[in-house]
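These protein sequence lines map, in sequence, to chains A, B and C.
If you count by my numbering, then the first sequence holds residues 1 to 643, one letter each, in order.
If you count by my numbering, then the second sequence holds residues 1001 to 1100, one letter each, in order.
If you count by my numbering, then the third sequence holds residues 2001 to 2172, one letter each, in order.
Source of the hints: derived by calculation from the structure; they are not laboratory data.
A portion of the hints provided could be inaccurate.
[To be verified] With a straight-line Cα cutoff of 25 Å, these simulated DSS-like cross-link-like pairs (lysine-lysine) come out:
#1 Lys109(A) - Lys166(A)
#2 Lys27(A) - Lys467(A)
#3 Lys467(A) - Lys380(A)
#4 Lys1087(B) - Lys2110(C)
#5 Lys1087(B) - Lys1099(B)
#6 Lys109(A) - Lys467(A)
#7 Lys2083(C) - Lys1087(B)
#8 Lys1087(B) - Lys2167(C)
#9 Lys2168(C) - Lys2079(C)
#10 Lys158(A) - Lys577(A)
#11 Lys166(A) - Lys577(A)
#12 Lys1087(B) - Lys2129(C)
[What the hints assert, rightly or not] Computed, partial: chain C to chain B, Cβ under 10 Å:
#13 Leu2036
#14 Ala2050
#15 Ile2060
#16 Tyr2061
#17 Val2117
#18 Ala2127
#19 Gly2131
#20 Leu2165
These numbers come from a predicted model, not from an experiment.
Using N, Cα and C, we set each Cβ at its ideal position, and we do this for glycine too.
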Amino acid sequence: MSKYLLIPVLPLLAFFINIILGRRYLKDNAQWVSIAAVLGSFVIAVSSLFDVISGSRFYGDIYTWVVAGNFRASVGFNIDELTSIMLIVVTTISSLVHIYSVGYMHGDKGYYRFFSYLSLFTFSMLMLVMSNNFLQLYFGWEAVGLCSYLLIGFWYEKRSASDAGKKAFIVNRVGDFGFALGVFMIYLTFGSLDYRTVFNSLSMHLNDPLVHMNLGITAVDVNLFTLIALLLFCGAVGKSAQIPLHVWLPDAMEGPTPVSALIHAATMVTAGVFMVARCSPIFNLSPFAMNVVAVVGAVTAIFAASIGLVQNDIKRVIAYSTISQLGYMFLAEGVGAYSAGIFHLYTHAFFKALLFLGAGSVMHAMEGELNIQKMGGLRKYMPWTYWTFLLASLSISGIPGFAGFFSKDEILWQAYSSGGPGRLVWIIGSITAFMTALYSFRVFFMAFHGEFRGTHEQEHHLHESPKVMTIPLAILATGAVVAGWVGIPSLLGGGNQIAGYLGHVLGHPKGEGTGMQEMMVMGFSTALGILGIGLSYIMYGRRSELPQKIAAAFKPLYTLFYNKYYVDELYSYTVVKPTLWIGKNILGKVTDGTIIEGVVNGVPGLIGWFSARFRRIQTGLVQEYAAVMAIGILIIMVVLIVW
Amino acid sequence: MVPIQWYLWLSVIVFSIGVFGFLSRRNIIVIFMSIELMLNGVNISLVAFSHYLQDMRGQILVFFVIAVAAAEAAIGLAIIISLFRNKATAHVDDIDEMKG
Amino acid sequence: MLAEIFFAYFAVVIVLTSILVIASRNPVHSVLWMLLLFFHIAGLYLMLDAEFLAAIQIIIYAGAILVLFLFVVLLLNLKEEIKGRPFSRIFVIALVLAIGMAVVISSTMKLLPPGPVGQYSMDMIRATKGGNSSIIGRVMYTEFLFPFEIASTILLVAIIGAIVLAKKRLRS
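Can you make the complete structure from the sequences, with help from the hints?
Here it is, written out as structure tokens:
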């Protein structure tokens, strides 16, 4: 138990040490505390993974956090298969990003602040995944949101960075509101927030008339479990940047690149996926909610991929790729293949963090240049970055043998085999796989091949990143290749251990199919991936005039993609501007200007009016005070005698 | 044998004259003497009670009253001196810094 | 009969001097009237068989406190003050309050206990060697030892306080 307690506490201690001592004393040595703490967490996480594999799980409360009447909430841990996988993902990526940041953030004046925030984030994320109740989950959920805000706006002097931070925070509020309502509904229904209590009493509530009551919110039959599931999913949509709340994630790229890799690719944004998997018993009871999850995931996947095809900002392309891959995970969970979703989360963490850190390495060499149109030919200057980026791109494109292939293939197969709407979802997923390969290699070819298109000074400055950055890249590249080998499907002679491992918690998907069909699905998606890479090579690797021709031929579609379907503009006109108008004209002028100002100025005015009259009593003459005192004494004596 | 009521009446009269002097005089030294008058009025009744109730505690109390009166006179007169040094007045109604 | 006559004499002088104390325009006169008042109060104490207090009254009140008053009156040059009106603007209110207080206090007289309750009868005092002073001393140093010590502290505080207040500010 105390061993598990150390996992989140170490980064928390590092946070306190850095935030208190960093500015004055640690300065450029701030990384040591944070890195030591996160490596400590990593070692314990690995040992707890072995614990779980050997069958010893942990479930229990550490500390009673809130007691109010019948309400009771604890801080507790739930170490099971799902948590152990998440622990490995979080601590591994976090450790590597910490190390990478030593090089990337070198010389920044907020160096100590950066590392303290990273530690705080690691703590929050670990609390989130280790939680054994919904309140602690919510705490971690909000705390990672806070860290995300702090780190997106890390360079707060930059207007766009602080705006992006606010945007991320506010958009997340929308989702979190739903999530909070979901948690309230769980408490109202089950009278507890403890996972085990809630999930074990689900079956008892199946016959509860309340559950079958049609709440009649829409034309659809919305029963209680559907409502809870949808409210929880609301939170996941916000945190994991799914349609329609995806708008914050591309802007979040204003933060330092290691942050993008850790928070906005590998860990925090996958919290929604984790949460849905954790609440799978609830989701399983509501086919409607499951379909919503699947459809939102599938639509987000193809939607974000299509935007990613035409963006020029290297980090934004990867950000849309992240949204798209998160859509994949939800797609898997929506068809009931939770373990496939978590498996993809796990492999995705490696190759997506690698892509971001590779992009960061490129930016480092290009002095902060983000536009891939101005890159090119970086291959010969940055061999390490080049090869690792290639491995990550191959992995995300689903080329057989790489990590991404196994998880993506598992998702597509599960979608296909679940039947019904799963086939439609499968088709969307397959198209997305093609687009994924296309945009990933577009970035790859434009950045690393061809002629250098930037300025002369930039070209002069080009260099490979220091060892402290390339070694994490190499480790992640290894992960991007081998991480998927724990899930080799039986068709290819593997054991698919991870599905069996997670199956204890998440159950096994119900879909069935023949080996023939599975082979067909696998071959189809692999073919699409290779096709995407090939097309990308032709368009961007060989004939660089072809993209312009295509863009001109499909002008409206290109414009739509390039402007991200105008979602930001839509929100600006429907939500942001009306809100600002109300704030300025109604709240600012009427509520604040008239009502509150009236009260605020009226009360002191009234007091002033009264005191102007009452102050006459204060003559300042001691004898008159004594006379008043004598009157008082007389009254008291009379009262005492008369009684 | 003089009845105790006579002493008490005398005590009340002296005390009330003290109260009147305290409240009405302007000269701060006379005000101080009024306080001594009030204390003496009380002392008379205490000694009278002590005698008529055949209890020594009354006289002991007078003893303490005299001790406190001495202390009070020392402090009060010191205050008067420092006040006079600062304000150059012995009239209490010239001192109204606390006026609201 | 003789006791009543003596009482009447003391009472009349006490009341008259009390009035003169608060009515005199010149504080020096007030102090002197007060001196007379204290001597008569001491006489009253003798009538009440409180010889020790009578002595104390003369030594401390007349001898120490009044002399202190006199010193202060002489220290302060009060020529200007004496010329102004002697009474403040709440003269009438003060009069009403004083009379009201006299009425209220005198109305409590009916609550007196009917007779002697203590052990220190005249016979007992006379039988004791040293009389009144001896008995006061005995009670003071046994039953009232602690208040007695506190009284000494009060006097000490008063001494220090008087010095601090009255001395001139030192320029540091």
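Quick check: which numbered hints come out false for this structure? The structure breaks hints 4, 12, 13, 18, 19; every other hint is satisfied.
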